[in-house]
Each structure stands twice: as C-alpha cells, then as structure tokens.
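Chains A and B are the protein sequences, given in the same order.
The opening position of the first sequence corresponds to residue 5 in this note's numbering, with each subsequent residue numbered one higher.
The opening position of the second sequence corresponds to residue 6 in this note's numbering, with each subsequent residue numbered one higher.
You may find that some hints are simply not true.
Chain A side only, calculated, beta carbon under 10 Å to chain B, not exhaustive [unchecked claim]:
#: 1; residue: 13
#: 2; residue: 14
#: 3; residue: 17
#: 4; residue: 44
#: 5; residue: 48
#: 6; residue: 49
#: 7; residue: 98
#: 8; residue: 165
#: 9; residue: 189
#: 10; residue: 191
#: 11; residue: 193
#: 12; residue: 195
#: 13; residue: 262
#: 14; residue: 266
#: 15; residue: 268
Please keep in mind that the hints were generated in silico from the structure rather than gathered at the bench.
Heads up, the beta-carbon is just placed ideally off N, CA and C, and yes, glycines get one too.
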Amino acid sequence: MHGWLRVWAIALNTFREATRNRVLYVLVMFAVGLMAFSIVLGELSLHEEVRVIKDIGLAGISVVGLVISLFLGVNLLSKELDRKTVFFVIPKPLHRHEFLLGKYLGMAVTLGVLVVVMAVTLAAVLATQGGTHDVALLRAETLVLLELWLVLAVALLFSSFSSPYLSAMFTAGLWIVGRNSGELRTFATGKLADTPLGGLLSSVASIVPDFHVFFVSGGALGDTPVSIHGGFVGWSYVGEAAVYAGAYGAACLAIAAVLFSRRDLT
Amino acid sequence: MPVLEVDALRKTFVRGLLRRRTEALRGVSFRVEQGEIFGFLGPNGAGKTTTIKILMGLIFPTSGKARLLGADAGNRDAKAKLGYLPENPYFYDYLTVTELLDMVGRLHGMDASARRRRSAALIEEVGLGHAAKRPMRSFSKGMLQRAGLAQALISDPELVVLDEPMSGLDPIGRKEVRDIILGLRERGKTVFFSTHILSDATLLCDRVAIVVGGELRDTGPLGALLDPKVDAVEILWAGDDATAERVDELAGTHARTSEGRISRVADLDAANAVVARVVAGSGRILHVIPHRQSLEDVFVHEAKAAGAGRGGDA
Chain A
5 MHGWLRVWAI ALNTFREATR NRVLYVLVMF AVGLMAFSIV LGELSLHEEV RVIKDIGLAG
65 ISVVGLVISL FLGVNLLSKE LDRKTVFFVI PKPLHRHEFL LGKYLGMAVT LGVLVVVMAV
125 TLAAVLATQG GTHDVALLRA ETLVLLELWL VLAVALLFSS FSSPYLSAMF TAGLWIVGRN
185 SGELRTFATG KLADTPLGGL LSSVASIVPD FHVFFVSGGA LGDTPVSIHG GFVGWSYVGE
245 AAVYAGAYGA ACLAIAAVLF SRRDLT
Chain B
6 MPVLEVDALR KTFVRGLLRR RTEALRGVSF RVEQGEIFGF LGPNGAGKTT TIKILMGLIF
66 PTSGKARLLG ADAGNRDAKA KLGYLPENPY FYDYLTVTEL LDMVGRLHGM DASARRRRSA
126 ALIEEVGLGH AAKRPMRSFS KGMLQRAGLA QALISDPELV VLDEPMSGLD PIGRKEVRDI
186 ILGLRERGKT VFFSTHILSD ATLLCDRVAI VVGGELRDTG PLGALLDPKV DAVEILWAGD
246 DATAERVDEL AGTHARTSEG RISRVADLDA ANAVVARVVA GSGRILHVIP HRQSLEDVFV
306 HEAKAAGAGR GGDA
C-alpha cells in the first residue's frame, strides 16, 4: 500500500509539472483552434458540417495527443537527469521502479485530462452545429487515449537508456511502422511470402506495437468498413484494445524499470 | 555497529565510444559512528561526491561495499532513516518550498498533518518563511541550499548526509547551517558532510577523512591529524635600529613593516631570545603568534603527497 502512495506522490508531482507547462496549453489551444476551424470547413461542405467537425476534431485530438505523449514521454526521465532533480528524489525511500511508474502514471493522468478537455470542446463545437457527441465518438476517443498511453510507455522505454532525440526518433519510427502494421503483414504474407524479406517483415510486424488497432475509423475490420459516422466498433473491441495496450505497455514499463534500476545516475 | 561503513570502495567510470576509463575511487574505506559529526574532506575532483552518490544509491560501485544504517547502500528501509542534501541542489523549480516539503513528506509516508506541521517548522528554521509561497525558480543559490536542508530534515532522520552544505551561503547562512548541524548532534543524530572548506570542518567535526585523487589519505579525530608542535613563531615588535641589529643576529627572518618590525623564528625558545633582546633594548612587544599546523597544512601536504605518489598526475 505504501508503495502505491509513493508512486502517487511522484505521479502527483509529474501531473503538477505538466499543468504548469505552457507548451501544453499552446498545443491544446491548437487543437481547440482546429476544432473551431472545422466549423468553417464544415460550412464549405454540402450538409456535412457535423461529419467534417467529427473527423477533424478526432484527428486533432489524436495528433495533438501524439505530439504531447511523444515529446513529454521522451523527456520524462532525461529532464530529471538534465536538471539533476533525480539526485534528491532517488535517495528518498522509494524504489527506482516506483519512481518510473509514478512518472508514467502522472503523465498518463495528464494525457487523460487533456483528451477529456479536448473531447468536451469537440462536443461543444458539435452542439453549435446541431450535432451530438455520440457513443461511437466516445469509443473512438477512448481508443485514441489508449494509443497515447501506449506511445507514452514506448517513449519511456527508449528514454530509460538513450537520449531524448534518439528516443523521439525511435518512438516516432515505431509509431509509423505500428500504424502501418497491416500493410506490413500484407506484404509479408503476399508477394514476399516464403522469402527472407517476408520473414523479416513478418517478425517486425509481430514485435512492433500494432497502433493501427487504435485508429480504425475510415478503415475496415476484415471486410467490414468501420466509421464513426456509422458502423463503428463496439465496447468489446475497445476492451480488447485496452487489454492489448495494457499488456504491451506493461512490458515496456517492466523493461524500462529493469534498465533504469541498473543505470548509474551521474 | 557503525552508522555508515565504506569498505574498499572502487568506482571506475567508462565513458564515450572509445570506452575511456576514469578511476574516481581507488579503494576507499572508513566508518562513521553513531552521534558524530564526520567531515569528508578533499579538493575538487577528489572523489567525495562519487562516494556520496554510491552511498545514496545513485551510482553503483565497481567493487567494494557501502552500507548505511546496517543495510546496503540504496536499500529503501535505510533510505527511510536518511536525510540527504545534494551538492548544488536542484529541485522542481515550479514548486514552492512548501510543496517540495509536502512531496518529500509523502515519499517518507508522513500523514498530511505531520507534513504540514513539520514543513512549517523547518521553513522557519532554515529562514525561508518570507519565501514559502514563491516558486523556487525565483530562489537564489543560498535559498535553494536552505530549501535543500529543509527537505533533508523533513523526516527527522537518524543520519544526515550533506554534500557541500555551506556552498553558496553568506556568512550568516553558514553560521545558521553550522548551528543546525550542531543541533542535530545534540539530538543524537549522525551527520556526514563533505566539504572543501576546511574552516567548516575545524569548527564542526569530531572526526574527518581526507580523500585525495580517489584515495583515502587519512582519517581520525582532528586533534590526531593535526601536529600540536609549533611550526614557527611570529613576533611583531617596535624598537630602535640598535635593538634591530641585535635581533638580526638571531636565527630566523627579520623584516621591517608598516606596523613595526616582524621576526619569524623556528620555535618558542628562539622566540624567547628575540623577546629578551627587544625588551633589553627598551623596545615594545606588539604581539607574539605561535603557528601550529592547521588543517589546511595537512590538506595541502596530503594533496602534494598524492601528486608525488602518482608522478604528479593528480
């Protein structure tokens, strides 16, 4: 129990730091501005105002959330080392893995709050155009949040042993590959089947996080088209995605904890 | 059982693509007993902070052992009874000192009322009452040092480890920190602090260890490290030229200054001879100062010895 209290103390401080970071507010304002601009774009369409606002709003939440989780994630540990704050925290009665978990939890809560703020803004923008923030949109936003939490865990894993620049490059690269894991599998099992390159692509596709599962609107599951404007995935799919994100994220955090606990903090 | 125990501690840093090795510690051993103020002395780059970082679980030794309060360095239970002030402390600058102490209190498992009570008392004790609600980004170096001292003491620790605690403080601040350290000893706490400012060690320490070039050069009570014999005696006197001629015949150095004539002789007997000739010549003795070995002398001697031992590659 005390362990979780220590984790919470670090998480609370990380959340506090994030809420006092002006860059975060600028990014959220950008998302809000994008949603406001979507009203203008909606006016240009023919009776598709709500559709345009939903598409742009969801994309805005995803993009801004990804930028925040990537850049704050890779800096979570390096900032502590650069600013030497780690020198007074680690000698306190907590384990290194508790510190790492607290940093992750604090940033995860921050991302949760940001997604809620942006979702409420999207709902307000939709309301001005006579639309509603329906449950399909809520499920899509939940999937976006799960993706952000997973990106954050991956960024934290890389930052536990490399510089912020390299961590950002690795994480962004992994996200791009992960978002296109479907295409990777298609190549591996299609034209390149039974070739060494096909085998390599298949291995890569099975190792990298499958970020595609979190952004399915506009795509298809099997032969079934999926869209937030009708025929979106159900809560069971969201639940499965949560289990996947939880398992993959936990593995990333566990490896990060092992690496961080052996690291000389000079 | 010693409160702090370091045994044959070695640390080699390996850096860069070329894997360059730097030996920061070369087999350091010492013990700190319950209730003493122990000074860890050495010039910059001697290995003081490396030793302390190993003790705090921030870095790992290449070989050897470091134990605190009966447990290995880095052990959580030991850290619960420990207060630590890092060298040139950096804190979360967006926090106020009250928020910092609240966070540290949480990490020590203190309840909300204990955190409030203890932090309010400590903020006053370290003289930050006027700045309790200001973010620490606006703090001077001395104020940060005081905040650091407060966070080190929040849990009323058994062992307090301070890395260069006087750094950045003005004379009043140094006096206040000295008083806090002495107060800790009065309450039975053990204080281990590093410094390169020898006057602090002279005023505070029961025992000291001198580390130079990653090696422990000496350890023990200050009195035992310092040679009590007189190195030289300085006599300032006033008198006429005839008296000066008679004094100049004696061994030693003799010079004229704006305040009078100054003679520097080897021991007290030689000093007596100078005084006798001045008095016989109707001169006046202005002052007599016997020079004994200071901690600075020991320090410089050890540093030179370490340099010579490694062919001047200190």
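Hinted contact residue 13 (chain A) with chain B - closest CB pair below 10 Å
Holds. Min distance 4 Å.
Restraint outcome when residue 98 (chain A) is required to lie within 10 Å of chain B by C-beta distance:
holds, 6 Å
Identify whether the interface hint at residue 48 (chain A) stands, where standing means a beta carbon of chain B within less than 10 Å of its own.
Interface hint status for residue 48 (chain A): violated (43 Å vs cutoff 10 Å).
With chain B as the partner, please determine if residue 191 (chain A) meets the hint condition of a C-beta pair closer than 10 Å.
Constraint on residue 191 (chain A) not satisfied, violated at 36 Å.
Interface hint check: residue 165 (chain A), Cβ to nearest Cβ on chain B, cutoff 10 Å. Holds or violated?
violated, 15 Å
Going by Cβ atoms only, is residue 195 (chain A) closer than 10 Å to chain B?
violated, 40 Å
Per-residue hint verdict: residue 262 (chain A), partner chain B, C-beta under 10 Å
violated, 14 Å
Do the numbers back the hint for residue 44 (chain A), that is, is its least Cβ distance to chain B under 10 Å?
violated, 37 Å
Given hint residue 268 (chain A) near chain B, where the shortest CB pair must fall under 10 Å
Given a least distance of 4 Å, the restraint on residue 268 (chain A) holds.
Does residue 266 (chain A) hold up as a contact with chain B if the rule is Cβ-Cβ below 10 Å?
holds, 8 Å
Agreement of hint residue 17 (chain A) with chain B interface, Cβ distance less than 10 Å:
This interface hint holds because 5 Å falls under the 10 Å limit.
Cut-off 10 Å, beta-carbon criterion: hint that residue 49 (chain A) touches chain B
At 44 Å from the nearest chain B Cβ, residue 49 (chain A) fails the 10 Å test, so the hint is violated.
Consistency note: the structure conflicts with the earlier hints numbered 4, 5, 6, 8, 9, 10, 11, 12 and 13.
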